[in-house]
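Chains as they are written, first to last, in my numbering: chain W, 28 to 271; chain H, 8 to 276.
Simulated from the structure, these hints should not be mistaken for lab results. A few of these clues could be false.
As the list claims (entries may be wrong) - Computed list of lysine-lysine pairs in DSS-like fashion (alpha-carbon distance at most 30 Å, straight line):
id, chain 1, residue 1, chain 2, residue 2
1, H, 193, W, 125
2, H, 28, W, 146
3, W, 116, H, 187
4, W, 150, H, 193
5, W, 142, H, 269
6, W, 150, H, 269
As the list claims (entries may be wrong) - To give a feel for the contact side, a few chain H residues facing chain W, derived at Cβ under 8 Å:
id, residue
7, 175
8, 176
9, 178
10, 180
11, 181
12, 182
13, 183
14, 185
15, 188
16, 189
17, 193
18, 197
19, 201
Don't be surprised by glycine CBs; every beta carbon is placed ideally from N, CA and C.
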Amino acid sequence: MKEVLRFENVSMHYHSKQGETVAVENMNFSVSEGEFVAIIGPSGCGKTTLLSLAAGLLPPTGGEVKTNGCTFGYMLQKDELFPWRTIEKNIFLPLEIKRKNTPENRERALALAEKYGLKQFLKNYPSSLSGGMRQRAALIRTLAVDPDVLLLDEPFSALDYQTRLSVCDDVYRIIRSEKKTALLITHDISEAISVADKIFVLSHRPAQVVATHALDFPEHEPLKRRENKEFSKWFEILWRELNV
Amino acid sequence: MKNEKNYSKEHLLYLKDVKRKSVFINVVRFAVLFLLLGLWELSAHFEWVNPFITSSPSRICKTIADLYQNGSLFLHVSTTLWETLLGFFIAVALGYSIALLLWWSEAFRRISEPYFVVLNALPKIALGPLIIIWFGTGSKAIVFMTVLIGLIVAILNMLNGFMSTDENKLLLLRSMGASKLQLLTKLVIPSSLPNFISMLKINVGMAWIGSIMGEYIVSKAGIGYLIVYGGQVFKLDLVMSAVFILCVLAAIMYALVALLEKLVIKNQK
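Next comes chain H alone, as it looks inside the complex (with noise of 0.2 Å):
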């Protein structure tokens, strides 16, 4: 890498160009941003809309701050939280597992494709009786369905990784002797690490689908019970609070997922 001091005159502007450039993009992002909470505000402030049915950026301020106070913020957050990361892991541990045998065996892989194919089409939410009936009304029940959404997803994306292993390394590695487990453990799981990272990235989506979807169905407590009543009783403020705190916890755990990706993925091409 060449010393900043080499640096032409006209490289030095490309890269005063180039920063320059991503602060506007960031500078504009956040604008929008406030633009767009400040004219809800406004409107709701002066009535131009029911605040009834649209809350506001203070409203929802309010409603969470009063959350806290009574201190059901945490209980409804670590609620959906557990449940969405329990949900989250067991469906990643539990379909590489399957993708894995899978991946071994040509007979299991043909034998169960229909039902995979019929399992993915059917909406899960389908089963939300037979699953209230099953593990009662508590967090099983949701973790379940987390598991249930996020599980074949899992699983058809982690074969497709291994499937499209370079068959000219399979080659090779079988030239040398190599065993099946050796092709496993040497070629076929690290060369599908990005179709891991990027299964964990569709599976966060999905393990909140889940959580949500289950808390729909049957909860005492959590972010989807507080959409839910709020719906129920007609506190739409509520709603977008719960909402909100939503789109907060998404993002981190995408953003951890994204950071992961950054630690593996240094020399991958």
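If we strip away everything but chain W, and leave its shape as in the complex, we get (with noise of 0.2 Å):
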């Protein structure tokens, strides 16, 4: 399998009058294509950082982060879609700012919306969808310039816990639907065993990968997962790990 992320000894340094942070030290961990992984830590550990890296947004202090000419797409806490477009004008966004506006591509990004139910909202301000809507057109338009990885940075946490149940399954299903690669980002245990296919557990700042754990459940929908009895065993190994 093609690789599509490596972290090769990052580190992140940040610097301010009051003195230096170490964010991030030593990391090493790949993904590759097609994988679904999920990176949990202890809160403030780094973990949008790590994002930010992979993302390009920001340059590593040492060691190298290697994408393969991969092409990333990042999706928020929040749906953040713009309250002054439709949600149509909102999904051709990225289209605008790549300058990739063309009839074909906008095409694509409406055949998107259409598939996965947004049709009849297309003329529609943010304001008007319910929270789970809103985050699905969130997805649509990170989507809309076929990205080969999703960097998801606690895409659900802003929605309430029944929402942000079905919503989750909801990505779920499009991310593996469009066969992306994804990488998502959470310090929320229960999450990370629902929908991944291997777990990166991270230490306190500077954050480093302690445990890698490859989940091989038989059922792929994160709320079938839920009912499995290897889902309790692993959220122990998991919550132990985050503790030490």
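Got two chains here, separate frames each, mind docking them using the hints?
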């Protein structure tokens, strides 16, 4: 399998007048094409720094981030839909930014929106949509430019518990059926177990990978996984590792 | 939206109640106005107060009618209106542009900050003599005063709007590979629209302060001129009439901005 992302001895130091913060030190891991990888870590361990490094928004202060020429799509905690744009115009936003706003690309993005049930909302403004629908629109916006890898920064944490479970299911289904590679960052252990093929556990700051687990659930839908006996076993293992 | 026929009885009663309350508020508003005007008129008529000092609604009407008849009403109103509008638009346009530059360059922002703080605190009227010497005694000096008073407020308000752009939305655009110009046109400018409207509202007031103050210092015509002249010759009817005209004009200008706000900000939440 082709490698789409590799961190080689990556370090990230932040400088401010108060001093120097070591957010990431000697980080090593890799993600292969088609994998759904979850990274969990204690809060404040530099998870978001990691995604910014992967997306190329921050240059690492040490080591190397290899992306193999892949393109990335970023999905944030909140949907961040622009309230002055209709859903359709929101979905076209990355096309405009990347100057790929051609009829074919717009057609592609609209086909995605239609496929995943956003057709009736295309001319609506975000304020008239439910939280779940908005997050789905945000995902379609991310997919509009057909990125190779999706970077998900706790994309469900702003939703209430009920919505969260169903949106998680929803997003998982769409990512799988579009055959995308995904890197999910979360502090929610059960969310990680319910979606990932592989889990990396991070330590406190400076963040390092302390454990790697491959999950082999027979089920694929997040909600079904949660019913599996293995689920609570994994939960216990990961919970211990996080609290070392 | 539900059809009116489908509303329950309680809901209809509720709607009726809401409507009745709003009618009540409007009626009382006008009642207060008429009561005050009536009291003013009566107290002047029966000379409970000296109408020479307090004037009265009927005297104001008569003064405005006289001004209209001798043709000077239009001259004074148009002079002040022109100065105010010109100063307003220059201050807004220039303020917006400078705020954009300040948003663009952090160095420029930090270098100029103390200058803006001092200029903001400076009472612009202190520059009156300089303005007369530099720009003469015509409308130019008054427009300059208007711009001076509105400009700093416009800059600081807009810059505040630009700088409070949602960090996460900026991050989102950067992750798509947006350039600084794209950040500006796709996000910073549209998201600061409410700040722009509130800046317009503040600057309506500033523009009137500027033009009237400018006319106090130096003028040959205008509403501010009428007020100063009326005061000097003790024609307080003239002063009151000018203030009344000013009230009406300022209210119209504010209403226009409020209308613009309604048209522009439909979907911002």
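Okay, the hints, checked on the actual structure:
{"no.": "1", "hint": "H:193 / W:125", "verdict": "holds (12 Å)"}
{"no.": "2", "hint": "H:28 / W:146", "verdict": "violated (42 Å)"}
{"no.": "3", "hint": "W:116 / H:187", "verdict": "holds (20 Å)"}
{"no.": "4", "hint": "W:150 / H:193", "verdict": "holds (19 Å)"}
{"no.": "5", "hint": "W:142 / H:269", "verdict": "violated (36 Å)"}
{"no.": "6", "hint": "W:150 / H:269", "verdict": "holds (20 Å)"}
{"no.": "7", "hint": "175", "verdict": "holds (5 Å)"}
{"no.": "8", "hint": "176", "verdict": "holds (5 Å)"}
{"no.": "9", "hint": "178", "verdict": "holds (7 Å)"}
{"no.": "10", "hint": "180", "verdict": "holds (6 Å)"}
{"no.": "11", "hint": "181", "verdict": "holds (6 Å)"}
{"no.": "12", "hint": "182", "verdict": "holds (4 Å)"}
{"no.": "13", "hint": "183", "verdict": "holds (4 Å)"}
{"no.": "14", "hint": "185", "verdict": "holds (5 Å)"}
{"no.": "15", "hint": "188", "verdict": "violated (11 Å)"}
{"no.": "16", "hint": "189", "verdict": "holds (6 Å)"}
{"no.": "17", "hint": "193", "verdict": "holds (7 Å)"}
{"no.": "18", "hint": "197", "verdict": "holds (5 Å)"}
{"no.": "19", "hint": "201", "verdict": "violated (10 Å)"}
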